[in-house]
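Asks: Here is what each chain is made of, one letter per residue.
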Amino acid sequence: MTSSELNWDAIVIGGGHNGLVAAAMLAKSGRRVLLLEAGNEVGGAARTEEFAPGFRVSAVAHLLNRLHPDVVKTLELERHGLTIERGNFVPSVALSKNGPLTLHGAYGEVLTGASSAEQSAWKQLRAQLLRYAGVLKPFLSRRAPDLGNMSLAEMTGLGQTALALKRLGKEDMRDFLRVLLMNVYDLLDEQLSDDRLKGLLAFDATLGSHLGPRSPTSLLGLYYRLAGEIGGLAGAQVQPKGGMGAVVAAIRAAAEKAGVSIRHASPVARVIVEKGRAVGVVTQSGETLRAKTVVSAINPATTILDLVGPREVDTGFVRKVRNIRMKGDAAKLHLALDRPPQFPGVDAAGHKGRLVIAPSPDHVERAFNPSKYGAFSPEPVMEITLPSLVDASLAPCGACVLSAVVQYAPYALKEGWTAGKPLFLKAIMAQLEIYAPGIGATVRHAELLTPADIEARYRMPGHWHHGELQADQMLMSRPVSGWSGYDTPLEGLFLAGAGSHPGGGISGAPGLNAARRIIAMRA
Amino acid sequence: MNHHPTIKPLADARTAAQSHFRTLRLGTPFQPRIDALALKQDWYNWAGYRAPHSLWDEELEYFAIRSQAALFDISPMTKYRIEGPDAEAYLDRVTLRDVTKLKPGRVHYTAWCDDDGFVLDDGTLFRLSPTRFRLCSQERHLPWLLDSAFRYDVTVEEETEAVAGLALQGPTSFAILRDAGFAGVERLKIFDLAEFAHEGATVTISRTGFTGDLGYELFVPTDKALSLWDRLMAAGELRGIRAIGYTALNRARLEAGLIVANADFTAAEHAIRADRLRMPDEIGLGFMIDPDKGHFNGRRAILEARSKKRLRHVLVGLEIEGNIPAEHAIVYYRKSQEVGLVSAAMWSPMAKRNIALASLQRPYGDTIVDDLWVEIYAMRELQYQKLMKKAKVVPRPFIKLDRRTANPPADF
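So the protein lines, in turn, are chains P and X.
For the first sequence, the numbering used here begins at 1117 and goes up steadily by one.
For the second sequence, the numbering used here begins at 3 and goes up steadily by one.
Only chain X is shown next, with the shape it has when bound in the complex (with noise of 0.2 Å):
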């Protein structure tokens, strides 16, 4: 007997809540026009959302970052509302650059750590008013980021799903953005940000980005998302704007020496390895270290490494004799003995050499920076050829565009 029961079906709002397993990956607000674009139907889950690898074609989507305007939709990145008259005195708390100097108009880039100075992730703080800022970030952080709350006049919501987020990169984003009747947005240093108004909301741009380039973001309440998309793309239209996915914006960052928290680092929430920790020298995020500011979360153990000489890694810039890229290639010194790993790897158009991000064991890559190899295991029809490669350590980023910072920025 193959009897079905009936099971009602319940209207009530904790059902409805259940029903989220239905859609496996979350649309963002541009989703429409993605999905139009997405020939190759190249996914991936970012922070739960449905984001795309490529769109069309992923030299094309990396030399328009470069060479036109590229648009990124970064939605579903972790935003956080974070507002009150001790805002300010809330972030500087917990976040390790010193927030009292961030002047409201102006963004910076910092990153935050738990007690025992471990990078809990990077990210950018928006100061929209002198009381009102927004935490953007790779990870989810709200219970963290509750907790620090107490006893500060503050609150601290997450608004991932409220606003929608763009991308708008490359040689002739300004132009485009001028043409598309934001006025002003010619006054926007690099770091900058004002509100616009767009149908009847705000859209706040920044000149802002994640690829070494001319740039900006662009931040819209979720329902002005589609308008704000189509308002660009008609304004670009003659200056080469095109949706790109993560592999272009990838190599764009990895040029501009940009490190991913959970590709580059492992994030100290997610490390299960007591050794995957990581301070913020230890992937070159020790310029943001300011003992001289108030107390903020991990001070006390940041600066007692320091002292004690307990700072076991560091993240480095390779530049990697030949062209094949060193993608998770071992490194060695002396062609023999492990010293770390490359995190993230490529030929580089622009800067015309092989470039890596690594994570080396002090002293090597500190004080020790001769003698470095890396071990590239290039698959060639079904075998591997293994390729034993001379490393150098070099600065970043790889590479700097004069286009980035340039005041009043270029017209194309």
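Same shape as in the complex, but just chain P (with noise of 0.2 Å):
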């Protein structure tokens, strides 16, 4: 018996963190599982690579801070090797030419660098953030509700929002419906005042959107920010040792203790479908190979158009996929150092944490107004990580890695990227020096990665969730309107990665969840 006419109860395509979840709980379950990575490397945008010799940096994702309780816990992960304590949380440091303020623990425990006014301004709008969100949080961790078609769980899910609704208090639930949809920016200034802190929120709230601060329902990327929590505590955040992809390692061994076989370097070129339903995959070398349930943790309108084909659909589901939203504007860039920047006002602890620059919520929503129109941000906003600091073994004895997302890099650059890449490059290194003097001259390896470099290296369409994760595009409505349950029109085709609900970041939930369907579906 060749390998090809072995029958696999599921196949996952993509090997991301999600993916691997997936495969890992239908495993679990008692499927035998089949993986399928395109690349050398299971782990997607979660890996941890070299890119100078002697320098490894996360590949994308550079801070945990949402990795869902239940797949640590169901996978094990921790005896998979993951350790998360809270010795580890790394605070937030907004960077500022007037000294830095610094949020520490789980998102601003305590907050330092700021009057005394600012900081019981801050406790209360932290409180509320944190209240706020955690009425939220079952929707952004759960499938989303079908409208059409409710089974009891999901009532009884719907039901104790409401209740958790009802628990805030008249007064709390008529403000959290007030300030729902609201732009970070507006909310900020009715609470806050000190520039530094609120540039910082703002960023937050947009990192990863094309959203500026006064762009309405900016608010909600907080929130979904806040949702999300690592350690048992909301909002905060860990440098993994060993960058990202140690956590991919962890649900790597999870996935093969569980019985998932992983085969690297396999692109799958379609989907086969045999009267209306999913039976199997054609790799890219002409392979076939037959399964009862196939789970595509690859982007939505790949795995649509390009697996599937607009053939074997509705022509209205082709329309709602080809309209996802999938326009990113956020680069990575990874600085090879010959020793540790120095950020003047800065503390050690402060250095192995997130350091942000972002000094007013105007300046924000400046860097952002050029992308509207196919430019990048003359002065980019970023969040700076040095993860050698974190972990030694991330750079050569003495020198460091620097990791930063920064915004905003529209995908569509006017110019097209080949020529604007070296122009945004120097833009970032001018902000870098005025925070970090001296910065420029110890670089000894550039990597910058547009949009249009994640979207190849990554294969990741246009946008690093894989969609917009905006309103429109959020629950009910991701990737698409009435298949927002990991389902699709085909049946035994189902989607496992970030383009689902809840969406992006390392958090594991859309593959748990789409799992959890499978199962719960029984197919």
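Incorrect hints may appear among the rest.
Sample of chain X residues at the chain P side, in silico, Cβ under 10 Å [claimed, not checked]:
1) Asp116
2) Asp225
3) Phe289
4) Arg301
5) Ala307
6) Ile370
One side only, chain X facing chain P, incomplete, derived with CB under 10 Å [said to hold, decoys possible]:
7) Trp146
8) Leu147
9) Asp149
10) Ser150
11) Phe152
12) Gly296
13) His297
FYI, nobody ran anything at the bench for these hints, they're computed from the structure.
All C-beta atoms, glycine included, are put in the ideal place defined by N, C-alpha and C.
Starting from the two chains in their separate frames, assemble the complex, guided by the hints.
Replies: Structure, rendered in structure tokens:
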């Protein structure tokens, strides 16, 4: 018997972290699972890669702040090498020419560097943000409610949310509803006065989406962030030892332990459809693999338009899939430095944390403006980590790795990224030089990944969340309305990637929910 | 002061296009001939065109269809030209019936649905060559058809304005075409089409129609429309050819048991109320569904509705006692429970029966067919006479004419 004659219970396309989670969950349920990864290594955008000799870095995602607790628990990731301890939480530092401001613990349990009035204002706002994010949290972790066809469990879930709303009390509930779709800029103006703090929050709310702080609904991004938790604390963040690849290694170990067969360098050419049912895949090398269930943990549009093909699904569905907004603005910068950079005023703990250049909400808004017209920010905003300070093995002795997510770098840059990339790098380095004087002279190697590079290298068409994460593409509308429950119009085909609800970030939630859905459907 | 500003006339194309409102309803390429015959000036709006309800006498126009030959202008019908190497595969995905079985030179009646399996429209599909089709329908569908063409090697163009159409229907229709010099037209079997020469252009003649009678449909470039009309009128003079309006045609189609979009069912894109949407099985088009052909729009929803028994309506033919047409009458079960509505009704001179099409809520009309009644409100000198009449579910068509399919077609 050759392998192509083997019949699998489930084939998972794509070995990103969501694909691995889905595969592991399905294998744990007793299914025979094959995972096909296009690259030579699993992990997708959560890999740790060498970008310069001796320098390794988390490829795209570099901070862990929303790995779903059920993923950690069900897959026993701690037994497979994942360690998350309170002591590993890292602070967020708002860099400024007027000296830094630091949010310690889980998203600013303690705020330092601000006036006492600002500290108490922040205490109130933080409590409120967490309270409101807590209401949304069940929505942002479970399968989106299926409006037409709700199960008892889903009803109960909705009921719990209604109850959580009720528990807020009348005034708070009204306020929750008032601010829900607000822009983050106005909300911050209502409650805070320190531009550094407001800039940091404005940056966090808009990170990874095509929104400026003044864009309607931009506050949702902040809720999305705070609905995540790590080590049981909402808003906390860690820099994983070994980079994000270490997290993936733990999930991979859990998947293999559960019996998942993993094949590398096996890109899928198409999904085989027979009479409206997905029954297997053909790899690009021409091998036919059949399975009862096909789970695609890659981009939803790629899955439907390229692997399945528009001919096997209905026109209206194709219309919706083609209209998924998928043009990101996030770029990733990796610097190999001779020595750790010095951000004046920031202490040693701060250097191990998340350093944010977003000196004011207006600055973030101004950085966003050109992206609407296909130009990059002349003064980009960014979040910086120095992973080799947390894990010295990531850089040669004495040297340092800098990893930064930079905005705004529009996917469709007017002049094209070949011409634009060196100019954008120059703009980024100019900002870095302001906050870490002398850094430029220590750069041994710089790697800038534009959205176009991220698309090509990590198979993330257009957007690192596999679709804008905004109100119109969340919940019941992710990836498209009518098909938010991980199933698709094709029987036997499921979507399990970040393009599905709840969306992007290293959460494993789409993979987890998709697997649960498949198990519940006995597919 | 009544100072009127002088509006400078603009000659650019945009301004020219804006004057469309000056013509309330467009004329068809045959309008000069129809206007000359329209003694009654009784017009209606057919997809933006000025079309006659009746030209001179409804009854006689109807009998022209059944006893002579009737000429009906179908130019306002929406027509799409669909061409390319993938045209067959494309149409097979868009429409219900199996297009791979439709040979070049053939026509079939089909319908198409949205993702939820609700009928967008029905129409006729003409296969002009292996890679060229014409899709005719009541409503306009260009955005849907273009979006459906994504990743097919096919072009879709509306050709409603470029192509004029005539229906020539009735027992003498074949003889007229033959006498008009369309050699070989006798070889056309029902649902065949062929191309013929006309004034240096091509006229496509198909043995199709909307009357249940012997008949043909002719498509010609608009600039040859009038000469084609004249050619037919001249050849048909001694065979009773008459131009007719829609009222007569509507009667003939009802006798033939044929349905009309937005008259007998509400097309999905028109329906505002969720319960007005109809699946093919709910309007008598279930025969078009072929689960064994390739994927088609609505397949999943239609098959699911079938397997989960979620079909809520059924369209039936009714025979009603008496001779008063039951148009838009409510249908009752046991004279008391409302179970549906009549969408079209008439006293059929051919069938000598009082016939109707009705949409009923299942199981009525489906498994329960006895004890059905219709309540007819007959207006008699400013007073309604309410008649509760027994209705019987009967098969469609209500009339079956051998001459429709006879080969060779009969000479009259």
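Asks: Compare the structure with each hint and give your call.
Replies: Going through the hints against the structure:
1. Hint status for aspartate 116 of chain X: holds, given a least beta-carbon distance of 6 Å to chain P, under 10 Å.
2. For aspartate 225 of chain X, the interface hint is violated, the least distance from its beta-carbon to any beta-carbon of chain P being 35 Å, above 10 Å.
3. Given the 10 Å rule on beta carbons, the hint for phenylalanine 289 of chain X is violated: about 20 Å separates it from the nearest Cβ of chain P.
4. At a threshold of 10 Å, the smallest CB-CB gap from arginine 301 of chain X to chain P is about 6 Å, leaving the interface hint in force.
5. With 10 Å as the threshold, the beta carbon of alanine 307 of chain X stays out of range of chain P, its nearest partner Cβ sitting at about 14 Å, so the hint is violated.
6. Taking 10 Å as the C-beta contact cut-off toward chain P, the hint placing isoleucine 370 of chain X at the interface is violated, the least distance being around 29 Å.
7. The interface hint given for tryptophan 146 of chain X holds, since its Cβ lies 6 Å from the closest Cβ of chain P, which is under the 10 Å cut-off.
8. Given the 10 Å rule on beta carbons, the hint for leucine 147 of chain X holds: about 9 Å separates it from the nearest Cβ of chain P.
9. The interface hint given for aspartate 149 of chain X is met, as the beta carbon of that residue sits about 5 Å from the closest beta carbon of chain P, less than 10 Å.
10. Among the interface hints, the one on serine 150 of chain X holds; its C-beta lies about 4 Å from the nearest C-beta in chain P, closer than the 10 Å criterion.
11. Given the 10 Å rule on beta carbons, the hint for phenylalanine 152 of chain X holds: about 5 Å separates it from the nearest Cβ of chain P.
12. Taking 10 Å as the C-beta cut-off, the interface hint given for glycine 296 of chain X holds, the closest approach to chain P being about 8 Å.
13. At a threshold of 10 Å, the smallest CB-CB gap from histidine 297 of chain X to chain P is about 5 Å, leaving the interface hint in force.
The structure fails to meet hints 2, 3, 5, 6 from the earlier list, while all remaining hints are met.
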